[in-house]
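2 protein chains.
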Amino acid sequence: MIQQLIQKIQKTKAPVCVGLDPMLNYIPEHILRESFQKFGETLEGAADGIWNFNREIIDHTWDLIPCVKPQIAMYEQFGLEGLKIYEKTVRYCQEKGLLVIGDAKRGDIGSTSAAYATAHLGKIKVGSNLCTAFNTDFLTVNPYLGTDGIKPFVDVCRAEDKGLFVLVKTSNPSSGEFQDRKIDGTPLYELVADKVVEWGADCMSGEYSNVGAVVGATYPEMSAILRKRMPHTYFLVPGYGAQGATAEDLKPCFNQDGLGAIVNSSRGIIAAYKQEKYAMFGPENFAEASRQAVIDMAKDINSVL
Amino acid sequence: MIQQLIQKIQKTKAPVCVGLDPMLNYIPEHILRESFQKFGETLEGAADGIWNFNREIIDHTWDLIPCVKPQIAMYEQFGLEGLKIYEKTVRYCQEKGLLVIGDAKRGDIGSTSAAYATAHLGKIKVGSNLCTAFNTDFLTVNPYLGTDGIKPFVDVCRAEDKGLFVLVKTSNPSSGEFQDRKIDGTPLYELVADKVVEWGADCMSGEYSNVGAVVGATYPEMSAILRKRMPHTYFLVPGYGAQGATAEDLKPCFNQDGLGAIVNSSRGIIAAYKQEKYAMFGPENFAEASRQAVIDMAKDINSVL
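Going down the list, the protein sequences come from chains A and B.
Note that the working numbering gives residue 178 to position 178 of the first sequence, counting from 1, and the numbers run on in steps of one.
So the mapping is simple: the working numbering equals the position in the second sequence, first residue as 1, plus 1000.
A couple of the hints might just be wrong.
[As the list claims (entries may be wrong)] Which chain A residues stay away from chain B? Per the calculated CB distances, all over 10 Å, these:
1) T42
2) K96
3) L167
4) R227
[Unchecked claim] Covered, in the sense of this in silico footprint (three residues per stretch, anywhere, with C-beta under 8 Å from a C-beta of chain B), are these stretches of chain A:
5) 121 to 129
6) 139 to 146
7) 177 to 189
8) 202 to 208
9) 252 to 262
None of these hints come from the bench; they were simulated from the model.
Don't be surprised by glycine CBs; every beta carbon is placed ideally from N, CA and C.
Based on the sequences and whatever the hints tell you, model everything.
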């Protein structure tokens, strides 16, 4: 699976992932109004608005990018109606040839992680049929429970040729609270990194493993350390743009070959029309603003590679 | 919210939580057969089987217990059809007067955790309406991202009088891989415990905080340390029964007042009819076997308090 991602990155020349994390206040009024007229000011109405918003953004960006990353929390908050749109968005993106990283940060004890792995990456046997649930291409997972909480995800990746990104060093302000604490002189995030390498060793696909890592762009010195410590691990990099990291901050996430990292931007792209820089598009042309923001982001990143 | 749980524990004299974690192979054949006949060997058919299974177990145990804990992964693996049954199970249990602990172990950066908190504990504004999504009473959460990943959950607990259980020391075999590593002489799980106390300090309800901790019964020495370190934190305790912990192992999770812990059992109760001990009930009377298993579990725990 990681090879498919690399090929798409090389083809588009854009190590860019569009974060499909719709908040209601990102959605232009004319879209929400139409959905509320159809379904009322209900969860169904909100979900319909999100779907129309997502679809226009995908239609205006799919040819420029290798992948998208829907954050499932943004759909879960609208309950079943929201999750229907999560599923529909995953399918629609895959039909357009995009790879989909389900950003769900799941993780639990072994038997439960196995159920999450089935839910998001695998197949489940029902009677004599094999069924799929959300069926994304990659999934983000949380390592706090250790090897037996991650192993079931790795097993499904191997069986189904899927990929993972394990949280190593996250982009948020308090990520250091536990992740940076030193254990025998080594910060926890580096120990987690070593385990990610170990978990991914059996899942290599060319130069890189199907087991990747989440490494926030907001801590570039740590990205540099991790890049050296895990040369064959692909990084999913949040934190660019709205969270404050610049292209220069991204540089240490990449290997010498210009590969090794896929950079996510959510707000910065899907709500681009709200920025002064793209205000001339106006709310009606929000998706064109998103397209321009993708072009600018790819150019910005390529300028430092 | 924690006071409601305590009152129900005192009323039922059972610090017992039934883990509604249905796996297809726990469900007696006669139930699955009927569902497959109605809906085919599909996700819908499987979900219908789970619903009929859950409902019978709830009907046979609700008067004996304070709460249930559906593990959302077991529903997610059946996609939207499974999640419909998760929602239906939550509602049904609440109608029976049970408190519901959503076992979802969510956790992310601030804005995303806020969306998860809304999804599972809060309300979302859609136009001029306030809507709820899954609306459980408690939620389990993962602390790896630190304070700003937990704060939004705590805020919703305060606003809506709900509760949390934060992963501190989990029950699985490899939980020690990161959680037991020492930082300046103190294991990570104790540092997480200290943060849980800090996060919960603003959320007190009587003697206990609405912010609780997940503490596995499988490591009784560590439970004892944590019990002392966080006297006003309620423990959600997995690991009893099928995972190997005995009543004696549970003892250190409780305070002198006989409170402080709610013990979960999933397989041991919902699939009791598969154990030799309860085999005389037979698959047709699986829910009566579950009832007997709850009675036995409460007695077993009370014998050490």
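Here is how each hint holds up against the structure:
Consistency note on A:T42: stated as away from chain B, yet its beta-carbon is not over 10 Å from all of that chain's, at 6 Å minimum. The beta carbon of A:K96 sits about 21 Å from the closest Cβ of chain B, which is more than 10 Å, so the claim that it is off the interface holds. A cut-off of 10 Å between C-beta atoms contradicts the statement that A:L167 is not in contact with chain B; the least separation is 6 Å. Remark: the non-interface label on A:R227 is consistent with the geometry, its nearest Cβ contact in chain B lying 21 Å away (cut-off 10 Å).
With 6 residues having a Cβ less than 8 Å from any Cβ of chain B, the segment 121 to 129 of chain A passes the three-residue criterion, so the hint holds. Residues of the segment 139 to 146 of chain A lying with their CB closer than 8 Å to a CB of chain B number 5, which satisfies the three-residue condition for coverage. Counting residues of the segment 177 to 189 of chain A whose C-beta sits closer than 8 Å to any C-beta of chain B gives 8, which meets the bar of three, so the coverage hint holds. With 0 residues bearing a CB less than 8 Å from a CB of chain B, the segment 202 to 208 of chain A misses the requirement of three and the coverage assertion fails.
Counting residues of the segment 252 to 262 of chain A whose C-beta lies closer than 8 Å to any C-beta of chain B gives 0; at least three are required, and the coverage claim is violated.
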